[in-house]
Every structure is written in C-alpha cells, then in structure tokens.
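Participant: Fit chains Y and E to the known structure of chain P by using the hints.
Residue numbers (the numbering used here), protein chains in the order written: chain P, 1 to 249; chain Y, 1 to 249; chain E, 1 to 249.
There's no promise every hint is true.
Any copy will do: because identical chains look the same in the list, a pair fits if it lies in one copy or spans two.
Listed next, the in silico SDA-like pairs over lysine to any residue satisfying Cα-Cα at most 25 angstroms (straight line) [said to hold, decoys possible]:
1) K233 <-> G169
2) K233 <-> F139
3) K233 <-> H25
4) K233 <-> H167
5) K189 <-> W133
6) K204 <-> A76
7) K233 <-> W10
8) K204 <-> N42
9) K233 <-> P69
10) K204 <-> G73
11) K233 <-> D155
12) K204 <-> C117
13) K143 <-> D83
14) K233 <-> G84
15) K229 <-> A141
16) K204 <-> D142
17) K143 <-> P237
18) K204 <-> G16
19) K204 <-> D12
20) K233 <-> F41
21) K229 <-> P39
The set of hints was computed from the structure by calculation and includes no laboratory data.
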Amino acid sequence: MLLLMTDYGWQDPYVGQVKAVLATHAPGVAVIDLLHAVPDFNPHAGAHLLAALCRDLPAGAVVLAVVDPGVGGPRAAVVVEADGRFFVGPDNGLLSVLAGRAQAARIWRIDWRPQPCSDSFHGRDLFAPIAGWIAAGDFPADKHTPVAELEVRFDTAELPRILYIDHYGNAWSGIRGGIAEPGSNVEVKGHVLPWRRVFVEAGKGEAFWHVNSSGLIEIAVNRGSAAEKLGLKVGDPVRLQGAPETQVH
Amino acid sequence: MLLLMTDYGWQDPYVGQVKAVLATHAPGVAVIDLLHAVPDFNPHAGAHLLAALCRDLPAGAVVLAVVDPGVGGPRAAVVVEADGRFFVGPDNGLLSVLAGRAQAARIWRIDWRPQPCSDSFHGRDLFAPIAGWIAAGDFPADKHTPVAELEVRFDTAELPRILYIDHYGNAWSGIRGGIAEPGSNVEVKGHVLPWRRVFVEAGKGEAFWHVNSSGLIEIAVNRGSAAEKLGLKVGDPVRLQGAPETQVH
Amino acid sequence: MLLLMTDYGWQDPYVGQVKAVLATHAPGVAVIDLLHAVPDFNPHAGAHLLAALCRDLPAGAVVLAVVDPGVGGPRAAVVVEADGRFFVGPDNGLLSVLAGRAQAARIWRIDWRPQPCSDSFHGRDLFAPIAGWIAAGDFPADKHTPVAELEVRFDTAELPRILYIDHYGNAWSGIRGGIAEPGSNVEVKGHVLPWRRVFVEAGKGEAFWHVNSSGLIEIAVNRGSAAEKLGLKVGDPVRLQGAPETQVH
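Only chain P is shown next, with the shape it has when bound in the complex:
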C-alpha cells in the first residue's frame, strides 16, 4: 500500500505525474491519496498532520510525503522507517514528528539522483522512484546512506494551533485528544467551547470541541462551519483549559 500526502492540490497534474512513475516502479500496488491539501509551504503543520493521519497504518505501508518549498536547494532527501512503515520525503522537518514519536525509527539519506532530474519536482523525479521501489519490495540500498538523525526536527509535543480546516469547516488542532479531559473547555479566538462526545449531542449550530477520528482536538459546529462561525484560520492558537503546561511553545 502506497499513500500520498502532499501540498500539490487536487486539480493540478502533479499527483497524476507522480502516480505514473509509481505505476511503473510498483505495478499492482494500490496507491491512495491521503491528503493533497496540506497548507502550502508549511512543513510544520504537515509534520503534525502526517503523524496523526498515519498512526494506524499497517506495517509495510509506504508513504510519499512532500511539502517542499526548498526543492532545488540544499535540503537533503530521506527515507524514515518508523514502526515498520516507510516514509519518503524531504529532510525539512516534515517527517520529524512521526519519527520522533515512533518506538523504533531508522533513517537513510537518499544520495542517488536520477538523470534527468527536474529542479522543481522531486516528488515525481526523486521520491516517487524510491517509494515505488520500496513498495515493490526492493529497498534500494545502493542509493541510501544510513544516518543517525534527521537534519531538521520539529518539537514532537502537541502543536497548539489550527493545522487544517476541512471542507465542512471543522478545524483540526495539533493537540492530541489523549491529554484532554472530556469535561474541560477549549479556547480559540476568544471563544470558550465545551466538549461534546459527538456532533449529534451538540445543538444545531452550536460550537464545541471533540476528539476527531484522527485523534486530534477539533473545533466543530453541528451542521455548520466552525471556521466561518468563529473566524478560524490555519495557524490560530488553540488553548486547552486545565492543561497549561502543554500549551507553551
């Protein structure tokens, strides 16, 4: 199973061009679009989204993750094996949260460069062949160098900000639900919001927080858009009342 997480968007040809390479290198392997709407040029939000979205992937899954504003510059390319799953992408922090949270992680720097290789599309030209080979069961040892650490590493603790706003208007934070008390409140943009276990327990149009299906604290409105009602955007601070320690960054 090959999964893609990028900021390439849906409407452009970039995802399809990556898939044409994957189909050549890993024929017969299912390729799944996990997310192509990571906030543009934002590996920090991407790193927390990736960690949340991939926590339940089966062993052997391969993830091609690209949010890469530094493409064409000196940043390295890497493969991370984290608890049996493989991640291929730029060494700009994007893979660092999941690597730091893994029980067991191994890291390789990708030294190989294809000929030709574009300056602006390493997702297609560099990361896709590597991911395809790994997914096809052929880890290309001659193209990698084991390294002890990623060069760019983000804090693996909670990121108390809005990471992502979905098309319903639900706002995902970077705070995992496990640290929150069901009865407590969440503050965002001056609003203090109560907890509801599930949408249908909130009144129609009521804003609340809950632990979403990817394990993150999410701000939502029953049958409405929390982003619109509360004026939320990616990057806005989120504060969990009663858990101040985890909020300091």
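Facilitator: Using the frame of chain P, we list chains Y and E on its own:
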C-alpha cells in the same frame, strides 16, 4: 468493483482513510470515486443522486454510500442488495430511493461494531470493513440481521428540485427524463426553458433543458453556466410543464 | 497504464462514471488522473497541455483525452498512436499537437457507436470502452477506419499564451523551454521577468520565469501566487524576449 458516494469532499483526508481500510479488506479490487460532493448533510438529495448514478452498475458492484449527519446517534447501519448490487451505509433514507425502485431488494441491519470505533467516522470504521468484505466475496453473515424494511424511507417518485450543480454550472433535477415529452418546457426560478436534444443544438449562451447522461432532467446553458445565468441553487423547485401530477410533493 | 485528461473537473461524478466503464473493459489496469482541470471548452489549450504532459509516458500507455464542447454534433471520434502511446478522444484539435510533434503517428476514425449512447457524454459511452479495450491489449480493428490525417489540426509550434494556472498560482505558458536562453527575460501583462533556475534562487515574493517540470516556460513567484501578484489569467499573451520569431501567431 467498489464505488464511493459521500459528502466527504475531495480535499480532505477522509476518502483516503476509507480507501486504506478498503485496500486492507479487499486487496486488488478497483475502488472508484463516484461522487464526494453530495450536498452536505442532505441524505434526501443524496438518495436521488445515488439512484440515478447507480442505475447502470454491473451486478456484483459494491457501493459505500455515506451522507451521515446523524453519525454517533441512534440511526442504524444497513446493507441493501438491489438487483444484484450491494449498498452499504446509514439507515437515514440515503439508500431508500434505489431500494424502493429496485425490482428485487434485500436488507440487513449491521449489528457488528468494530473495537475501537470512532464516534464520528463510521465510513472508515464501520462501513468500509463491511463493504470491503462484501467486495472480496465474503459476505459477513454473522455481523448482520435480515430486516424487512429500511427504517427511514423517502418517496421514490420524482424529486422536482435541483439536486446537484456541476462545475460547468449545469443543474441536475431529481426528475427522471423518461416522464418528459421532448417538446415540452421546464420552469425554474420563473424562467420557462425549451428542450434541446444536445448542447450544440442550443445557441451559444442559451438556457435549455435536456435529459442528461444519468437520465435526469438537467438545466444547462451552451458554453456557459446555467447556475450563474439563472441564479440556481440546490433545492430550487423545478416544474415540468404538462406533467403537473408528478410535481406535487 | 490508462491516463485521463479532461475538463470534467474533480467534484462531479463524470470521472467516476468513466472509471466504472474502464474497470469493466480493462480490469486490473491502473487508471491515473492526469488532469481534469483543462480550461473548460478549450481544446486549443488542452492540446498543448496534453503534448507537454505526455512527453515522457512509456510506450503502451493509453490516454483518454476529452475536452469536447461539440459532443453530440458532427465532430468525429479518433484514436491516435503517437510514438507507441495511444490517445483516444474527439477530432477537434485536442490530439493534433502531440500527433503533429510525434516522430511516428497513425490515426483511426472511430466509426462504432455503442447502443445506447448518450448525446452528451461520449467520454463514458464511446471513448472509455475503446480506451479500455486498447489498454487490455485488444485493439478493436472492426470499430475503426485508418485515416491519413486528423480533420482539425492546431499549429504544432509554441503557443505564446498562458495555458494553465496551478493552485499555487504558477502560470504555465505554451512555450517549450528548449527554445529559451536562461539569461533572457519574459514579458507578460507589461511585466518583464528575469530567469531563475529554481524557486529558492528567487527572493521571497519575487516574480520570475523558469522551465517547469513539464518542459514549459512558467511564470512563478517564490512562496507566493504569480497569478495573483501579476493579475494573470488563461489566454494572456507571453513574450520571450530575444526570440521574436516564435511569438508570431
């Protein structure tokens, strides 16, 4: 063949998370995105869209259909076999139009719940495993109870409203074309529109109605947007002149 | 490998309906969405995009290409084999740029019509079965007539206009990079833009041109939207300074 029809939208990770489960339960089965833009929280429009979109599916096809504002509440989960095709989704009316129109239908209530099961994403946690098992040829009889009827049923007659507006601006109604006379007119938002067999028979910029490729009466403009030109939105009433009986709801 | 390039958009059911037909005719063949955001009703831009996007496809690849405002009218349907790759679509110029640039091309007119066949969706009813059969290795010779030329042919030289704007706001022109000197400037909408090899060589917010990953001259802004900053839209003229001959159309 596994098909998905939801209101999950394209840009969010929800579709990919469903597909990761399907790839685990039904490896090698083609998974096809039929529609993820069912009007949000609107099982009624969704029920008529589903019936229209699935009329030509081959026997054995499995459809995962989710428009589920009541997720986490008491609504049941069901499987419908309609003329040899299988539909998995919530018992909130979404599957009722196609079930009511089928020549032969069987219904099962899904009693099984996975552990763990999120409160807000039954598409991934409950419906996807069931749909995957069925698509893989393994109908999980121990997880279902045959029932005589769906709990929530919409009228299976025509729905004389705008159901869906596509990206060109064509507006799909819930009225099937079979009941319309080619020479007659259609009224919408105070406009009386003539019939044209096909786009190129209309003048450039002319508004007209035709029977679209899913068998529904559609309001269109040649090389333009009917929604913009006529101010149409989902839910607007559509009236077929000369067929008053079918218009009363 | 089957690839799709259309103006069907992402959110509508059209792509999924095409894929359901392909899955029936070519089970097990990977189907890849290359682009569904060709500017609506614009086979001319589509022809140059198709030629650029398909230049690196492996032999044997089959492309279903549909931008078809004349559907239901007298335009013919064709198959083009260009340098070992197959293209199926309308004979309205869409396939003519890649055919004209190919070292070896063969053309067939599709005489067959399925029963039933919708008047408005030949992508699903006519082109998809043909493309599926070819991808499955069964070229349906009884359904085609070899012809010497396409009926509608666009100039195969550079198209010095904006063809496409991606979701980052990068603007693709129809001018191939091979004819441009790295040191020269590009003019668009009264702006004179310098060349940068790669995004990170431009200042943050600086507008520049480069040869993009599909081989075309692209107007871009480092970590910003060129379309927004420079007010670009599809169709705007682009002029390469120092190469006036190629600009006259």
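Participant: Look at each hint and say if it fits the structure.
Facilitator: Verification of the supplied hints:
1. K233 <-> G169: both (10 angstroms within a copy, 20 angstroms between copies)
2. K233 <-> F139: neither (40 angstroms within a copy, 44 angstroms between copies)
3. K233 <-> H25: neither (39 angstroms within a copy, 36 angstroms between copies)
4. K233 <-> H167: both (13 angstroms within a copy, 18 angstroms between copies)
5. K189 <-> W133: Classified as neither: same-chain Cα gap 46 angstroms, cross-chain 45 angstroms, threshold 25 angstroms.
6. K204 <-> A76: Between copies, since 21 angstroms is at most 25 angstroms while 49 angstroms is not.
7. K233 <-> W10: Answer is both; intra-copy 20 angstroms and inter-copy 19 angstroms each pass.
8. K204 <-> N42: Close across copies (15 angstroms), not inside one copy (34 angstroms); limit 25 angstroms.
9. K233 <-> P69: both (21 angstroms within a copy, 24 angstroms between copies)
10. K204 <-> G73: Result: close only across copies, 14 angstroms inter versus 50 angstroms intra.
11. K233 <-> D155: Within one copy only: 22 angstroms inside, 41 angstroms across.
12. K204 <-> C117: Classified as between; 24 angstroms across copies, 53 angstroms inside a copy.
13. K143 <-> D83: within (22 angstroms within a copy, 32 angstroms between copies)
14. K233 <-> G84: neither (34 angstroms within a copy, 46 angstroms between copies)
15. K229 <-> A141: neither (52 angstroms within a copy, 44 angstroms between copies)
16. K204 <-> D142: Neither. Shortest intra-copy (58 angstroms) and inter-copy (36 angstroms) distances fail the 25 angstroms Cα cut-off.
17. K143 <-> P237: So K143 and P237 fail the 25 angstroms test inside a copy (41 angstroms) and across (44 angstroms) alike.
18. K204 <-> G16: Classified as neither; 40 angstroms inside a copy, 28 angstroms across copies.
19. K204 <-> D12: Result: close only across copies, 23 angstroms inter versus 36 angstroms intra.
20. K233 <-> F41: The answer is both: 15 angstroms in one copy and 23 angstroms across copies each meet 25 angstroms.
21. K229 <-> P39: Answer is both: 21 angstroms inside a copy and 19 angstroms across each meet the 25 angstroms cutoff.
Checked against the numbered hints given earlier, this structure breaks hints 2, 3, 5, 14, 15, 16, 17, 18; the rest are met.
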